[in-house]
Amino acid sequence: MKPGKFLPYIILIIGAIVMIFPFIWMLSTSLKAPMDIFNLNIIPESPTLANYIRILEESMFVKWFLNSLIIAVITTISVIFFDTLVGYIIAKFNFFGKKLLFILILSTLMVPVEMLIIPWYMMSSELGWTDTYWGILFPGLMTGFGVFLMKQFMEQIPEDLLNAARIDGMNEFSIFFKIAVPQVWPAISALGIFSFLSNWNAFLWPLIVTESPGMRTLPVGLSYFSSGEAESQWHLIMTGATISVIPLILVFIFLQRHIIKGIVLTGMK
Amino acid sequence: MGQVNPTPDYDEQKKKKPERKDGHKPSIFYKLRNNYKYQKYIFIFSCLLLPLIFFIGIRILPTLFTFNVGFREWNLLSTGDRPFVGLSNFVTLFKDEVFLKSLLNTFIYIVIGVIGQLTIGIIVALLLHKIKRFVGLFRVIYFIPYVTSIVAISWVFQWLFMSNGFINDFLMNLGFSQQPFLNSPDQAIFVISAAMIWQSIGFQMVLFLAGLSNIPDMLYEASDIDGATPWQKFWHVTVPLLNPTIVFSSIIGMITFIQVSFTQVVNMSMDGSGGPLNSTISVVVYIYQQAFRQYDMGTASAATVILFLFIMSLTIFQMKVLTKKFDY
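Top to bottom, those sequences are chains Z and V.
211 is the number of the first residue of the first sequence in the working numbering; add one for each residue after it.
5 is the number of the first residue of the second sequence in the working numbering; add one for each residue after it.
This is chain Z alone, in the form it adopts within the complex (with noise of 0.2 Å):
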């Protein structure tokens, strides 16, 4: 074997060294006493799981990774429902002013995030939906990218599938989600997973729309903790940082077959 083979091996571990360092850093200093946080061994000397204890007891992250699942689940379920369903029509579907929709749709994709806080907040503050789940969760029920997404997947269903159902007397819901959906199945869950993703991880939003500690979502709660009640106390605020990172890397792991089909999927089209 030349040499050269093993060279690409040598600078993907390196590289996957400088990837996954930062976790096992992160792990390591949760699981060390506050008085060894700055002895610099990679394996505790005495690895302890008090901060977890004292955490888990004296700060708010079991409501707060409740909320964020509560939030992330809603808005998965409803993202996926109604992207699906106006992708579907859009492809499927011909009538009165179907063009214009999609142009509507398609033009807030050029709009970003950041351009619509302030009248969301003004809205919130006005309807009184600041400090609720309803609040936090409601501008991502919908998207456009997904709409746009499945619009490309379900032109891809043959017409005859649906007439052919619509000929043996079945009613228009029943098409939807017996014939068409599970055609684009695999589309659906890469928008889901994406969904779920970008909830579970937004910042922005929900920082400005909640008030009370107990409706933060686990990012909000883990900044406002980091640079709050555990100001430098770094052992603290690593074991927050891996509480809410390992259940996803957990999930990753499981479900990586699909998340990774997925972007290639999306980004294909």
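There's no promise every hint is true.
[Said to hold, decoys possible] Here are the simulated lysine to any residue pairs, SDA-like style, with alpha carbons at most 25 Å apart:
#1 Z:LYS388 <-> V:LYS136
#2 V:LYS324 <-> V:LYS99
#3 V:LYS136 <-> Z:ILE223
#4 V:LYS41 <-> Z:ILE367
#5 Z:LYS308 <-> V:ILE62
#6 V:LYS99 <-> V:SER82
#7 Z:LYS308 <-> V:ILE60
#8 V:LYS44 <-> Z:ILE223
In short, the hints are calculated from the structure, not lab data.
Starting from the known structure of chain Z, arrange chain V on it as the hints suggest.
Chain V in isolation, oriented as in the chain Z frame:
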């Protein structure tokens, strides 16, 4: 040849059908239930009602509203009228050094970030394309940072780059001097960019891997016969054929960087708002400060309008410059 007669009998039958023999006109409900066209429109209307309300009420109208606020003097704390002030908010912005700094920084984040993540993403993809074993394992490892929370990662990086943190310790063991990193107005922006790049390598890698697997081996074999060096093969076969992926990745990269720059700057900069000395402040952080610290919605909205135009022009620029037609 004459045209085929389109079965006249059938047409007449069709005309007759709605009139029932007992003289009653079919009721509207009968029509609705049995006419496919009505059913279709009911379906379309009922499905599009909520999405229409959403996209108009929560996306389109707020966008127009932002333009409106941007031309007014609008402070959340004062309850008086909000006079139309023309371009004065924009003039204020362009006289504000912090805003200009934030615009420049956003540009730096995008340039360093997009170039960095594209280059590293392509390199990793090329290496992975070359090897035969452990491809799946490497792919998972490189991708993990992308799925993790940016807030958590920012704090981990802050901890790594502390003045007495791991990286400095490592550097000192190698014989370098201690670096201030996030405490330095010159270095902080690069540390933050590095964290952004680190997090998005995996995403770019996956896109480029897909792009590479679409390039037929035939082209490489042909260039082998022509005696091309690996470098020539890269520039004359790989890059042109990856062009669509490069355009897509750089636009997606730019848009996500503009958003991420807020989260990362707030959680990584030493004062939580773009310090030291505003050296890391991005446009979105500036907007946040104006709107939710100063409650000056007019200026903040004007800044979002500028951000919008900034993104638009960069997108058009990228499409124009990067999309090239190649002949084979």
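Between LYS44 of chain V and ILE223 of chain Z, is the straight-line Cα distance small enough, at 25 Å or below? At roughly 58 Å apart (the allowed maximum being 25 Å), ILE223 of chain Z and LYS44 of chain V break the hint.
Need the status of pair LYS308 of chain Z, ILE60 of chain V: alpha-carbon distance at most 25 Å? 15 Å, holds
Given the hint that LYS41 of chain V pairs with ILE367 of chain Z, does the C-alpha gap stay at or below 25 Å? Judged against 25 Å, a Cα distance of about 21 Å means the pair holds.
Hint check: LYS308 of chain Z vs ILE62 of chain V, CA-CA at most 25 Å. Holds or violated? Roughly 20 Å between the alpha carbons, so the hint for LYS308 of chain Z and ILE62 of chain V holds.
Would you mind confirming whether the straight-line C-alpha gap from LYS324 of chain V to LYS99 of chain V stays at or under 25 Å? Distance ~31 Å between LYS324 of chain V and LYS99 of chain V Cα, so the pair is violated.
Is the Cα-Cα distance between LYS136 of chain V and ILE223 of chain Z 25 Å or less? The given pair, whose Cα atoms are some 14 Å apart, holds under the 25 Å limit.
Would the pair LYS99 of chain V and SER82 of chain V pass a check requiring their Cα atoms to be no farther apart than 25 Å? 24 Å, holds
Given hint LYS136 of chain V paired with LYS388 of chain Z - CA-CA distance at most 25 Å: 41 Å, violated
Of the numbered hints given earlier, the model fails hints 1, 2 and 8; all others are met.
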